[in-house]
Structure formats: structure tokens, C-alpha cells
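Enquirer: Note that the protein sequences, when read in sequence, are chains U and Z.
Counting from 1 along the first sequence, just add 443 to a position and that's the residue number in the numbering used here.
Counting from 1 along the second sequence, just add 847 to a position and that's the residue number in the numbering used here.
Any given hint could be a false lead.
Every beta carbon over 10 Å from chain U, so not counted as near; a handful from chain Z, in silico [stated by the list, open to error]:
# : residue
1 : 874
2 : 912
3 : 919
4 : 1001
5 : 1088
6 : 1117
7 : 1136
8 : 1145
With a straight-line cut-off of 25 Å between C-alpha atoms, the simulated SDA-like cross-links for lysine to any residue are [unchecked claim]:
#  : chain 1 : residue 1 : chain 2 : residue 2
9  : U       : 588       : Z       : 1077
10 : Z       : 1034      : U       : 654
11 : Z       : 1034      : U       : 701
12 : U       : 615       : U       : 550
13 : U       : 753       : Z       : 919
14 : Z       : 1034      : U       : 673
15 : Z       : 1032      : U       : 550
16 : U       : 735       : U       : 576
17 : U       : 588       : Z       : 1034
18 : U       : 566       : Z       : 1034
19 : Z       : 1034      : U       : 511
20 : Z       : 1032      : U       : 671
21 : Z       : 1032      : U       : 566
22 : Z       : 1034      : U       : 655
23 : U       : 753       : Z       : 1077
24 : U       : 735       : U       : 566
25 : Z       : 1034      : U       : 659
26 : Z       : 1032      : U       : 753
Examples of chain Z residues toward chain U, derived with CB under 8 Å [claimed, not checked]:
#  : residue
27 : 865
28 : 868
29 : 904
30 : 909
31 : 911
32 : 935
33 : 992
34 : 1008
35 : 1015
36 : 1077
37 : 1080
38 : 1087
39 : 1092
40 : 1116
Quick caveat, the hints were computed from the structure, so don't treat them as lab data.
From the three backbone atoms N, C-alpha and C, an ideal C-beta is built for every residue, glycine too.
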Amino acid sequence: MMHIIMPGLQTLVQDSGRDGYYALGMPPAGALDQRSYTLGNMLVGNDPRAAGLEFAFMGPAIQFQSDTVIAVTGAEVTVLIDGEPQPMWASVPVKNGQTLSFGPMTRGSRGYIAVRGGVDVPKLSGSRSTYQTVQFGGHMGRALKPGDVLPIGTQIHSDDGHGDRIRELDPKYLPSLDASADLAVVTGLCNYRFTPESVQLFFESDFTVSHEANRTGYRLIGPALEFVERDVPFGAGSDPSNVVNLGYPLGSIQIPSGNEPICLLRDAVTGGGYVTFGTIISTDLDALAQLKTPDTVTFTSVSVTEAHAKRRHAHNELAQIAKSLKYPWVFGVERKETA
Amino acid sequence: MTDMYRQLSGGGGGRLSFGGDEFIFVELSEEMRIQQALTIQTLARTLTAMNLPGVTDVCPSHASYMIRYIPERVNLPELLATLQGVHEEIVTGRPATINTRIVDVPVYYNDPWTREALMKFRDRHQDPGSTDIEYAARVNGFESIDELIAAHTRHPFLVTFMNFVPGNAESVQLVPRELQIEVPKYKSPRTETPSRAVGHGGAFTNIYPSAGAGGVQLLGRTPINVVDMTQTRADFRERPVLFPAGTLISFRAISEAEYFDIRAAVDADEYRVRVADIEFSVGKHLEDWETYNDELLEALR
């Protein structure tokens, strides 16, 4: 059992997400920085889809009511057990009665706590992730509160014979957590609505992360973009940035009125009536999720072939890490087909 | 960026592009057309039924559709070839038949809860002196809100897109464009909408599954639930939402007393939504929509 003494600013049960419900209007939810979340599970020998905790900016204080092993990954933060500093990116044994707490977060914005066995909340529609918008999944569909008690499960990797070994990530695999990120974008969707000059301007500009940056999306501040003239299509709405409501891919960038692009993350609405410019590739969403106001973002245009090459590169690196940690990684098990 | 779009041939349009590394997006045109929406529903049903390996989601929308796939489990050129084949076949093929359901939705139009909510946001409205339903009636040339209600309940709607939050279904009335009720959205969205509010924006009616923000004109409120993601209530055992895309909705005006009766029965999980299985023939709709709508409504009698 994990007893929540202090919840931090916003601590949520998250996992690899709830795939296959886009057509019903439900986004996947799940850990925003999937790479850090996955590495946490590797470090404690969990199933790669085991549920952990995601905390934003300020970590929780948690008393453990059994002996276990944890790992903290993601944003750079001081990890304390009964007040003693502990390493991040490593498995750390915790004894019954000990308390995990956190010092200030120095870089990045989201931390992850993996606990051996995973957080045992009910699995709803194939996932334990919290989708706060409709209070669904996770622990009672909401962020943790003082006094909450979370059971620890048995979501241990079935082929992991090294569960009790101390694992530590080679520092060369640490995320950059820089205050600026260059993100790869596949253009398409409603990109034709923008003038060629505006498309060029988008890729040449620095954008600043605004205060509106949360699990549903990141609103960025940058130059105003212009639209191509048109006759308003039936059903679209009169603003040049309005379109007949359409689907928003995870990671897509919508630009209401041509100002302040919004990058849609894992709790975003699945569709709507604003023009979409293109889509940030999935492996670059991890870096975006570690930014905060007033960090900066630039974008680089890539083809879908390049996007898939980058994805393969990221997966190959995870496979290398798994090997170095003696973790029985099975390629692709982190996603489930549900359609 | 020159190869950002691929044009699918076969008439009827189809502009394909990639949504990052996991999504394929196909837009048939930039405008809403009923026949095109029916084609998209047929396409989505066909693609879903094919159970394509590595494809996790097939999402039809009003004038476009979207597919999500796992790149590691898909041969992309093969998937694109399959998609192109199905797309062209259905876009150029004979009008299809859609196996679906028609659902009876009782609505308390001009109800006190949506009125209370909307009165808080008159400063965000085009016409602060009217309520939403009065405004919707007037801009559509109806003499009274009763005329608007009569038009809204006269012909069934087709759900063409689920989005926003789980269970929210945007639907279009199965009537020619000149008869469709059309009304602008709020100038700036409300931060508050009662759950189960029935709204209309552009040419689309939706029912807000839960309380929250919203930008369309509020016409009334239904006593029935439209979503149960935990699937514990009787009407939701087979599917977590009442109106998946392709479902027909028939709105029915009810009184305040009926609203309270139905709501009490819903709360006790004793109310059963009136539903009929139907085969929707796109061809019959195109031939004589008016007679065919009456035939479809008969299924609920």
C-alpha cells in the first residue's frame, strides 16, 4: 500500500494510455513523457504497461506500507527517502514505513514514480490511466489527495528474473530536459489553409510556451499566421481558421485565428472546428511535455518516412537500454491493438 | 513538403495526408454534404469490419476520416494501397446500406436549467436580448420557438462525428441543406453547460454528455444519459455510448412533468431508451428523403 501524505501540485495515476477509443471521442490519456515512464517500469522490472504516478512541478509525499522497490524518472528533482537523498533513474529499495518525498524540481516539469508491481487501480477500457476531463480511470478519476491509499499490484514483467537487482540507467541515456526543444512536425491535415509564406514563417520562428500548458495541450506564443482566401464552406463557420469539425491526431497543432498554436497532448479533445497545421511526431511529445513557461520551441518539417525513422531510432535506443539493464524488452509490447 | 498530400482518385474527392507517425487523415471536401457524410460512414464501417492488422482506430467525421495505426505492425505502402482501394470503391460505388439503430431522444425544450446557464453568458452572445432558442428560431425564419421545435423533431438526425469528450455525438438532420437549421456558435464559449443539454451550432445538433464548457446554442435538455464508460447501466451493456457514428436520432418534445418522470426512472435504472434496429439505405434517402424519413420513424412506433 502507498499512503498519500501530501499529493503535490497534481499527481495522477498514468500508464501507456487507453488506445482504441478515438472514434467514441475519448483521447488516450496516459503518461505525457512516455519514455521516462517506460524507463521507470524497466528499472523496477515491471510490465511495460504497469501504472505509475505522474507529478507536475512539485512531488508528493508517500508513505509505503510494505517493502518495495521504486524508481523516479522524468524531470530533475531531489528524491528523498526519510529525508535521505536518493538517486534518480535507478531502482531504490524502500522499507515498510518509510516515506518518499521530493525537493525542488530543477529542470523539466513532470516526474514519474514507478513502484515494483505497479499502482493497482481498476483497469477501465484496457488502461489504468486517469482521464480527468470526465473523471474516468486512475484513482477515482482525479488527482491524488491527502489520505488516499493506493494498493500496489502484481504488474511485474513475467520474464523478468532480475526483479530484485539494483538497476541504474547509464547517464548517456538521460533526456536533455533543456529549456528549449526542436520538435519534428509532419505537415498535412488542413495545412493548405495557410499561405506558403506563413508555413515558412512557422518553421523559421521561435515560439514561447505560455501559461496554458497542461495535459490537454500546450499553447505557444509566436508570430501571427495568415490564411488563404476562400468562400466559406457549408458547415465550417465564418472565421478563416474554422473548418467543418474534424479529427485531431494526438500531437496535432491547431491554430485558432492564426494566433497562438496549440499542441494537443494526451488528454486533448479528439476533434473540433479549428484548422490544423500538422502533427508533432509521437517520440518528440516526451520533450514537449517537459517544457514549461517561458521555455522555447522551434519546429522542423519532416516527411512521414523520416518520422518513422526517428521512431525506429527511439525504439532501438529503448531496446539497447533494456539490454543494458537486463530487462526482457519485447519490441512493441507497449501498445495494444483494440480496434 | 511538396508531397504533403496525396489525391485519391475515383471522383468524390479525397485528400490524404499524414498526422505525424501514427495517423492518416483523409478529407473528402471542405464542406458538409449529407451524401458525402453517408459515404464516409460506409467507408468507416467497411474499414472497421476489415480488422486491418495494426490499425487501432477508424474515426469517421463530417467531411473527413482518420485512421490511427501502429507503424511497427503495418506495412505502410500496403496499408495505403488497401485504403485507396476501399476509398475509391465506396466513393464511386452504388449507394450502400448501413446496419444501424434509430434512437428516441425525449427533449424538454426551453427548459429552466439550460436557460439559467445561458443567461449567465449573454455578454458572449450575438443577441444578448434573446435566449439561445429564441435566437435560433429567429435566424432560421421561424415565427416562434414552437415552430423551431416542430422542425427539430420532425425528421431524424444522423450522427456523423463523435468528438470533444466521450459520448458527444454531432448529428445532422436528414433533410436538404435549405431545410437544415443553421445557427452560429457563441462569439466566445461558455464556461458552463448543464449535463445532457441539447445544443445546436452550425448545422449540427449535439447532446453534452457531462457538464462543462461549450459554444453552441442551447435548445433544451434530455432526461436520458448518453454515455456510461463503465458500462454498468442497462442501456450501455453492449456499447458505452448511446450514439456511435452512423446512429439515427429522433428528437421528441416532452413536458416538464414527463422530464421529471423519465429522469426519476433513469436514476433508478428503470428507464429503457427506445431503440430500433434499422437498415439505412443511402439509395432510398437519395431518392425520396421525406417519405423514407417517415418510414424510418415508423420503426420507433
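Enquirer: Would the non-interface assignment of residue 1145 (chain Z) survive a Cβ cutoff of 10 Å against chain U?
Expert: 29 Å, holds
Enquirer: Hey, residue 1032 (chain Z) versus residue 550 (chain U), does the alpha-carbon distance stay inside 25 Å?
Expert: Roughly 41 Å separates the two Cα atoms, so the pair is violated.
Enquirer: Decide if the proposed pair is consistent with the structure: residue 753 (chain U) and residue 1077 (chain Z), CA atoms, cutoff 25 Å inclusive.
Expert: 37 Å, violated
Enquirer: Holds or violated: is the Cβ of residue 1088 (chain Z) farther than 10 Å from all Cβ atoms of chain U?
Expert: 5 Å, violated
Enquirer: Given the hint that residue 1034 (chain Z) pairs with residue 701 (chain U), does the C-alpha gap stay at or below 25 Å?
Expert: With a Cα-Cα distance of about 17 Å, the restraint between residue 1034 (chain Z) and residue 701 (chain U) holds, given a limit of 25 Å.
Enquirer: Straight-line Cα separation of residue 1034 (chain Z) and residue 655 (chain U) no greater than 25 Å?
Expert: Within the cut-off at roughly 21 Å; holds.
Enquirer: Grab the minimum C-beta distance from residue 935 (chain Z) to chain U and call the hint holds if it beats 8 Å, violated otherwise.
Expert: At 20 Å from the nearest chain U Cβ, residue 935 (chain Z) fails the 8 Å test, so the hint is violated.
Enquirer: Regarding the hint that residue 1080 (chain Z) lies at the interface with chain U, is the smallest CB-CB distance below 8 Å?
Expert: 15 Å, violated
Enquirer: For a C-alpha distance cap of 25 Å, please report whether residue 615 (chain U) and residue 550 (chain U) respect it.
Expert: 17 Å, holds
Enquirer: Verify the proposed pairing of residue 1034 (chain Z) with residue 511 (chain U), using a straight-line Cα cut of 25 Å.
Expert: 54 Å, violated
Enquirer: For a C-alpha distance cap of 25 Å, please report whether residue 753 (chain U) and residue 919 (chain Z) respect it.
Expert: 12 Å, holds
Enquirer: Does residue 1008 (chain Z) pass the interface hint, meaning its C-beta sits closer than 8 Å to a C-beta of chain U?
Expert: Residue 1008 (chain Z) check passes; min Cβ-Cβ to chain U is 6 Å, inside 8 Å.
Checked against the numbered hints above, the structure breaks hints 1, 2, 3, 5, 15, 17, 18, 19, 21, 23, 24, 26, 32, 33, 37, 40 and satisfies the rest.
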